[in-house]
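A.B. asks: Given next are the chains, with one letter for each unit.
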Amino acid sequence: MDTATVPSADADPDTCSAQRGRTTISDRAVGRIAARVLTEVEHIGGTAGRILGTAPRGEGSGASARVTAKVTGDSVAALDVHLSVAYPESVARATEDARTNLVHRVAELTGLTVNRVDIEVTALRSPDSPSRRVQ
Amino acid sequence: MTNPATTNTAEHSTFGAGSTDRSAGAPDASTAQESGQGSTTIADVVVQKIAGLAAREVPGVHELGGGAARAFGAVKGRIPGASASAGQGVSVEVGQRQAAVDLQMLVEYGVAIPDLAKDVRNNVIDSVEQMTGLEVVEVNINVNDVHLPADDGDGADQGSGDRVQ
Numbered sequence: 001m002d003t004a005t006v007p008s009a010d011a012d013p014d015t016c017s018a019q020r021g022r023t024t025i026s027d028r029a030v031g032r033i034a035a036r037v038l039t040e041v042e043h044i045g046g047t048a049g050r051i052l053g054t055a056p057r058g059e060g061s062g063a064s065a066r067v068t069a070k071v072t073g074d075s076v077a078a079l080d081v082h083l084s085v086a087y088p089e090s091v092a093r094a095t096e097d098a099r100t101n102l103v104h105r106v107a108e109l110t111g112l113t114v115n116r117v118d119i120e121v122t123a124l125r126s127p128d129s130p131s132r133r134v135q
Numbered sequence: 001m002t003n004p005a006t007t008n009t010a011e012h013s014t015f016g017a018g019s020t021d022r023s024a025g026a027p028d029a030s031t032a033q034e035s036g037q038g039s040t041t042i043a044d045v046v047v048q049k050i051a052g053l054a055a056r057e058v059p060g061v062h063e064l065g066g067g068a069a070r071a072f073g074a075v076k077g078r079i080p081g082a083s084a085s086a087g088q089g090v091s092v093e094v095g096q097r098q099a100a101v102d103l104q105m106l107v108e109y110g111v112a113i114p115d116l117a118k119d120v121r122n123n124v125i126d127s128v129e130q131m132t133g134l135e136v137v138e139v140n141i142n143v144n145d146v147h148l149p150a151d152d153g154d155g156a157d158q159g160s161g162d163r164v165q
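Protein chains in written order, with the UniProt record's numbering: chain W, 1 to 135; chain S, 1 to 165.
Errors might be hidden in some of the hints.
Cβ pair distances, simulated, as ranges [said to hold, decoys possible]:
1. GLY38(S) / THR24(W): 32 to 42 angstroms
2. LYS76(S) / ASP27(W): 24 to 34 angstroms
3. LYS76(S) / SER126(W): 45 to 55 angstroms
4. ALA150(S) / ARG116(W): 19 to 29 angstroms
5. PRO80(S) / THR100(W): 44 to 54 angstroms
6. THR24(W) / GLY95(S): 19 to 29 angstroms
7. THR72(W) / GLY38(S): 46 to 56 angstroms
Okay, the calculated bits of chain W under chain S, using three or more residues with CB under 8 angstroms as the criterion [unchecked claim]:
8. 91 to 104
9. 113 to 123
The set of hints was computed from the structure by calculation and includes no laboratory data.
Don't be surprised by glycine CBs; every beta carbon is placed ideally from N, CA and C.
The following block holds chain W by itself, in its conformation from the complex (with noise of 0.2 angstroms):
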């Protein structure tokens, strides 16, 4: 996992400007980054609106997984996720798999650390429900 920290610290030789300004990632940039992350990682689907207990548009209404991203000291990040499994796949190796991607691709793209990510999983989509085929 590369650390670059976002404040450009690192050590670049052919740019003196690198010292020059900071940049800033706001949180919403980092949770539809981690949202579309997500789509590319098997067997985890969207989280469908609710209304008391019960999803109108049904499970598999092509909804992304809702994350919620709190960036802190400018290079660190926290996510808070809310997703779908699929029915038959077992939960705990699903959502490993979903944090793993998180880490690693967030801050491949973002340059910031992830140091935590809860999932909150919300539905099993059952397999009649349509797979999502985009996002």
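Fit chain S to the supplied structure of chain W, relying on the hints for placement.
C.D. replies: Showing chain S alone in chain W's frame:
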């Protein structure tokens, strides 16, 4: 370059009014470079536009500006004859011989943001320093959102903003 010291103040006051609120507090909204035979002044908006165009040149930068500025820019871009401002999402602070730039960016999903930020910073610093002669002390970059490939419903007209100029 060292020509008319009689820079018309009327023009500068309009520039100052149109530029970012940060410049409003500065005693002089434009910068002066004395050379014995006259002074060259560079207004804030000049630096703002140069920085905006330089940042947009870097692949991976989808758009500049916060959510509200982008929405307004998209509306403005549809009006014939008007175009989204080059200085959108850029705020600058220009002194006598130094300038500082703050950027709000929307980046493409898939690019490594630290690398992108470095490229943008280099390009902005090079462009501003080369064109204005001001020393750029810092370029602060805030990535406020990412553009996902699935967002491309209205991506076509947003993209055209990058092409012109």
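A.B. asks: Compare the structure with each hint and give your call.
C.D. replies: Here is what the structure says about each hint:
1. Distance hint check: the CB atoms of GLY38(S) and THR24(W) are about 41 angstroms apart, consistent with the given range 32 to 42 angstroms.
2. A hinted range of 24 to 34 angstroms for the beta carbons of LYS76(S) and ASP27(W) is consistent with their spacing of about 28 angstroms.
3. Range check, LYS76(S) to SER126(W): about 47 angstroms between beta-carbon atoms, so the 45 to 55 angstroms window is met.
4. Taking the beta carbon of each, ALA150(S) and ARG116(W) are about 27 angstroms apart, inside 19 to 29 angstroms as hinted.
5. Between PRO80(S) and THR100(W) the beta carbons are some 51 angstroms apart, a value that agrees with the proposed interval 44 to 54 angstroms.
6. Taken as a hint, the range 19 to 29 angstroms holds for the pair THR24(W) and GLY95(S), whose Cβ atoms sit roughly 23 angstroms apart.
7. A hinted range of 46 to 56 angstroms holds for the C-beta pair THR72(W) and GLY38(S), which are about 51 angstroms apart.
8. For the segment 91 to 104 of chain W, the stated coverage by chain S is violated: 0 residues have a C-beta nearer than 8 angstroms to a C-beta of that chain, whereas at least 3 were required.
9. Taking a C-beta to C-beta cut-off of 8 angstroms, the segment 113 to 123 of chain W contributes 0 residues in contact with chain S, too few for the three needed, and the coverage statement is violated.
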